[in-house]
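S.K.: Mind the numbering: the sequence shown is residues 1 to 180 in UniProt numbering, read in order.
For the record, the hints were derived by calculation from the structure and aren't laboratory data.
Be aware that one or more of the hints could be misleading.
Between beta-carbon pairs, the in silico distance windows are [what the hints assert, rightly or not]: (1) MET140 with ARG120: 24 to 34 Å; (2) ASN81 with LEU43: 56 to 66 Å; (3) GLY76 with PHE36: 49 to 59 Å; (4) LEU95 with ARG54: 47 to 57 Å; (5) HIS116 with CYS38: 11 to 21 Å; (6) SER122 with GLN92: 41 to 51 Å.
The beta-carbon is built from N, C-alpha and C at its ideal position, and this holds for glycine as well.
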Amino acid sequence: LGDSSRWPWWLPLCPQCPTSLLPTPQAAFAHLALAFRCDMFTLQQRVLVEKGARDAAEENIQEELGQCRAALERLGQSCANAGCKETLEQLQHNLAVLSAAVERATSAAEKLGAVHQEARMSRAAEVMVQHVENLKRHHMREHAELEEMKRLIQQNSRNRQLAETQGEVGSATGPLPLHR
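Can you build the whole structure from these sequences, using the hints too?
M.R.: Here is the structure:
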C-alpha cells in the first residue's frame, strides 16, 4: 500500500512510541481508503511488471545453470582419469542440488511475499475495524444526546402545559398568593 520507502503511518514505529504521535483511526481510515484506491488504479500494471521481472530472473538463473551443465559436459569429455571424473560427477550432483534449492527459494520467496501482503491487509483491516468501532461509539453518544434532548423537550412541554393549566385556574379564583 502506497510508498514502501516511507514508514507506514498507520503502524507504530516502535512499542516505546507514545500513542499521541499516532494518527486517529478516522485519519488512518481516510488515508488507507485513499491508498487502496490509488493502489487499485495501478495494480494490474504492477502485477504484470513484477511477474515479468520474476520470470526474467528465473530465466537468467536457468540459463546460468544450463551453461554450468554444458561446461561440465565439455570438461567431462576431456577428463580421462578417474579422480577427475569423480569430481565432475560431484559437481553435476551439486549443480542439481543447487537447481532444486533455487526452485525452493523461489517458492519460499513467493510465499513470504504473500504472508507480507496478508500482514498488511490484516493491519489495514484492524484500522477499518477500529474506525467502525469509533463510529459506533459516536453514534451511540449522539443517540443518547438525542434521547436526552427529547426527554427535556417533553418535560419542558409538560411543565408549560401544567403552568398554563394552573394559570387558567388561578385567574378564575384570583392571583395566587406569594409564599415566603
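S.K.: None of the hints should be skipped; say for each whether it holds.
M.R.: Results of checking the hints against the structure:
no.	hint	verdict
1	MET140 with ARG120: 24 to 34 Å	holds (31 Å)
2	ASN81 with LEU43: 56 to 66 Å	holds (59 Å)
3	GLY76 with PHE36: 49 to 59 Å	holds (56 Å)
4	LEU95 with ARG54: 47 to 57 Å	violated (22 Å)
5	HIS116 with CYS38: 11 to 21 Å	holds (19 Å)
6	SER122 with GLN92: 41 to 51 Å	holds (45 Å)
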